[in-house]
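Residue numbers (the numbering used here), protein chains in the order written: chain A, 1 to 249; chain B, 250 to 1094.
The reader is advised that the hints may include incorrect statements.
What the hints assert, rightly or not - Every beta carbon over 10 Å from chain B, so not counted as near; a handful from chain A, in silico:
#, residue
1, Asp9
2, Leu63
3, Pro105
4, Glu111
5, Arg126
Said to hold, decoys possible - Listed below are several chain A residues computed to face chain B (Cβ distance under 10 Å; list not exhaustive):
#, residue
6, His31
7, Ala61
8, Ser79
9, Leu81
10, Glu83
11, Glu88
12, Arg90
13, Leu110
14, Trp128
15, Thr165
16, Val189
None of these hints come from the bench; they were simulated from the model. Don't be surprised by glycine CBs; every beta carbon is placed ideally from N, CA and C.
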Amino acid sequence: MSTHDQIPDAVSLTGVGRIHGKGTAAVTALHDVTVGIRRGSFTAVMGPSGSGKSTFLQCAAGLDRPTSGSVRLGETDLSGLSETGLTELRRERIGFVFQAFNLMPSLTVLENITLPLRLAGRKADRTWLAEIVQRVGLTGRTEHRPAELSGGQQQRVAIARALVTRPEVVFADEPTGALDTVTAKEVLVLLRDTVDAMGQTVVMVTHDPVAASYADEVLFLADGRITDTLTGAGADRIADRMTHLGAWA
Amino acid sequence: MLFLALRTLRARKGGFAGAFVALVCAAALVTACGALLETGLRGDIRIERYAGTDTVVTADQNLHWTKHKKGKTKTKSKPLTERAWLDATAVDTLRAIPGAEVVPELTFSAHVLTAGGRSLDTDGNAWGHAWESARLTPFALREGRAPTAAGEVVLDADLARRADVRVGGTVTVQAGRAPGGYRVVGIAAPPGRDALARQASVFFADVDARRLAGHPGQVASVGLFAAPGADPGTVRAAARKALAGTGAQVRTGTDRGPAEFPAAAKARVTLVSLGGALGGTSLLVAILVVVGTFALSIQQRRREIALLRAIGATPRQIRRMVGREALVVGLIAGALGAFAGLGLARWLHGRFVAFGAMPDTLALKLSPIPLIGAVLLTLLAAWTAARVSVRRAARVRPTEALADAAIERPGLGVARTIGGVLAALGYGVLLLVLSTLDTEPKSTPVTFLTVILAAVAIALLGPLLARAATAVLGLVVGRLSPISGFLAARNARAAAERVAAVVTPLSLAVAMASTILFTQTTASHAAGEQVKAGTLASYTLVAKPGVPGRAAEAARAVPGVEVVTEVLHTLVRAGRDKFAAQGVTPQGVQRTLDPKTRSGSFAALADGTVAVSELAARTKGVGVGDDLRITMGDGVVVTLKVVAVYERGLGFGDLTLPHAVVAAHVDRPAAEAVLVSGTAALARESLQRAMGEFPGVRVLDRGEVEQARRDRAGTQAQVNYVAMGLIIAFTGIAVVNTLVMATSARRREFALLQLVGTTRRQVLRMLRWETGAVLLLAAVLGSLVAYATLTAYSVGMTARAAPYAPPLTYAAVLVAATGLAFVATVVPGRVALRGNPADMMGLRD
């Protein structure tokens, strides 16, 4: 929430609406969403299936264009960008971690991590790269193929890749959705660590209250609207709030 | 993006195997065709008979005309189909040159016959010469002496062995008007071997040779030697100067080859047009197939591409990545295929020689040019295919990388729909064009282009066709098989894109195979029907080296025989247009042949006249009473008055000339067939008795004639079958390719089906139902395309919409397609079903 007026938000959505399809088949996925993501914060977006949380992430991250309203990344208004402009913006200023199929199976760990740099035609900063690799705990595994890694390790490669361009925001879509609880915890600790130690801004979509409890702030979505926010809450409170959302409320 | 392209290629070899195999095949075919083309354009004709002389003088063996086009004047030359003879005055002119030794050469058909009447020749070649020209090779006597008196011959050593005669024995030689007995006075051989590689040689005394050769006042060619002490170059230059303006050609080096084998020059033209048509068709098929496999591979990599898009690859970068992948695949496949193509070229050359489509004196020319050309063309094909496929790749949306993002299936793009409609319209236009083409060389390439354009339309509009067809089929199949059939129908509908990718090569294979096989049968069936209906003779005399004139005379003397017609075929030109022509004995020909006269009277055919087909009449704008200038096979121009216009040109040739005119202007003047009509009392036995003194001449009744004609049509078609069979095989490979690829990519789907309780057996049965539906759709589409193409072809060639497909052959095409389709889905299907389905679910798709 844009309460801290002196620091500009990393991402801000103003009156964002998104309608999928046309005519009678039209479905409203987002409904007039206005929210600001603080720089250097860890934000979780929660909601039941169909609440619009994925659409929220896509619009905020420049993967999809809202039907109405505007999205700003720092000072940049995304609606003014062309497809290539959006792509370059994602490449330079946004990092992504998806639930699965995060990595190119044909590339090694190191090649996967540096892929955004390669796409941008830039050389990797060796010390920065070494720091990231060390931080995500993949030292000694950089020449492996994704198929040779466990699910948790694969997610760490994805996090390293998301960090490599020093993006303004990292968006994570259910990053622990396909992991067991122990591994999931490691990944969440790592994300938390990037926020605390590196000042990274992270936005994570999840339906798991335990995962959300690692965030500074939790946004609750239901039927395409932000219905509630919690700050610094534990998993139990978040779970309790989830059960009273939307149709069940 | 080359880095990504290379890495993807290494990791996903399977996905590119389809395109790779298709491109290897295309490169091999293009190389082979290029080699044939180059052989046709620049191949050397090996010198045999004239090896002993460095200079040969002949008449002009080409026909020339000037062409006016857009203000430019171009001179075009086409090789004559028979040997042009040289005026004997040239011999005197050459003899006047100081230091020149002149050896005139006569060449005429001369076959040694065995006691049983079998002709001894080498690949159909057996030629008689005067002994004085033995020096041109040079032939030297091994035994005996040179022939000096009439009735004496010298045989080459190989021929003597095959005829089982020695010096002092006698042989029957058929040359001139009748076979005769000759005494063998000597046996000769070229240096170091028993005979020339490609022809049997018989040497006569000068007096016999002159009589048997015909062509009074002319010689076949002249060998020119420099006398001891004289400079060959000077002599040659003097000869050129002395003969300037007479049309005579002074040949040296490899130029002597065409003088020795006029047939090789004709084969060159065939090779050029065949090579062009075959190579062009295979390239187009390759592009089509590679677009299909690339489209499939891109569809299977949607998630990966979406991921790249999400983390910052621009559509342009994706396009470049796919383009580079295609180029790398094209380069490797092109190099490999080009290499394989050299072997293919050798094999094709061997087949063509074996079928008699080209003389093996025309040596296969293998140079790096076809290799380089094939690699470049393969790259071009791959690049074109990639240009088409990348549009699809660049349309993949980055949101597809998200776990629960619904994959929005893009509808049929506007550009694609327009392209498809345009291709379909183009197909229609080509059909119309095809229906106006009335000669084989013009219509054959158009036929292939028509089929390919139809395949392009099917490829572009495929998803629409697939959706429409599966909607109908699904109802039926679902009724028949409630579990497997239901699933199959649902799958086919949902995956219209995949069905379309599979239907395209399958229908192309069916259409291509049907069109190639049945243009042959349509034309030969129509021609055969015409010959059958138009042959009135009750008996036909045939012999391997031809029926000698004296045999025809003997038949005339048989009681009960009323009309005897000698028939001889040749190719002639009227102006620039080439026509198949027959020479027939004019007297009473209307009793043995009925070409179905439209105007004038066929019975009026006599010396100085010609009957023409409707096609020839239309092309040359002549009618009954007009004069027609005809260039005979040896380049001599005759002017004949048109007395009749007839319908059955396909069966009998477009021009019917008096036999004597044709016989005087061909290399082998013996009649190919002699038709005999007589009273009802005429018995086969009496004819056979009369032929007793002509060994090798057989008497056939109508049924036997028909059978012999069918056999002959068969061998002619073989050449086309071999060449075009390669195209069919190529599309077959494409089918297997695409099907294996499409099936192997469905491991996860099969695993899911098994997890929810579908048995392996049910999954396989579902796969079979799907394949059946796809096959039915492809067979219907392919057959429709072929039927329309063949109908247009038939209208053009025979003026009747009567495509003819032997039912058994058609069934074989369908059975082959079915076999291929099932093997290529069920085998990879079984492989995909191996292993634990739960593990499969975790695998990447």
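(message) Please verify that the nearest CB of chain B lies beyond 10 Å from A:Glu111's CB.
(response) violated (7 Å)
(message) Less than 10 Å between beta-carbons is the criterion; does A:Trp128 satisfy it with respect to chain B?
(response) violated (17 Å)
(request) Mind verifying the non-interface call on A:Asp9? Its CB should be farther than 10 Å from each CB in chain B. (result) Since the minimum Cβ distance to chain B is about 23 Å, A:Asp9 lies beyond 10 Å and the statement holds.
(message) Given a cut of 10 Å on the nearest C-beta pair, is the interface hint for A:Val189 held or broken against chain B?
(response) violated (22 Å)
(request) Against chain B, does A:Pro105 hold up as non-interface, every C-beta pair farther apart than 10 Å? (result) At roughly 6 Å from the nearest Cβ of chain B, A:Pro105 sits no farther out than 10 Å, so the non-interface label is violated.
(request) Let me know if the C-beta of A:Ala61 comes in closer than 10 Å to any C-beta of chain B, holds or violated. (result) For A:Ala61, the interface hint holds, since the closest Cβ of chain B sits about 8 Å away, which is under 10 Å.
(request) Go through the hint on A:His31 and say holds or violated, using the shortest Cβ distance to chain B against 10 Å. (result) Not OK, violated: A:His31 not within 10 Å of chain B, min 19 Å.
(message) Would the hint on A:Arg90 be counted as holding, given a Cβ-Cβ threshold of 10 Å to chain B?
(response) holds (5 Å)
(message) Interface hint check: A:Glu88, Cβ to nearest Cβ on chain B, cutoff 10 Å. Holds or violated?
(response) This hint holds: A:Glu88 lies near chain B, its Cβ roughly 7 Å from the closest one there, short of 10 Å.
(request) With 10 Å as the threshold, tell me whether A:Arg126 passes as away from chain B on beta-carbon distances. (result) holds (19 Å)
(request) Would you check whether A:Ser79 satisfies its interface hint, that is, whether its CB is within less than 10 Å of any CB in chain B? (result) At about 17 Å, which exceeds the 10 Å cut-off, the nearest Cβ of chain B leaves the hint on A:Ser79 violated.
(message) Take the shortest C-beta to C-beta distance between A:Leu81 and chain B; is it under 10 Å?
(response) violated (12 Å)
Violation of the numbered hints given earlier is confined to hints 2, 3, 4, 6, 8, 9, 13, 14 and 16; the remaining hints are satisfied by the structure.
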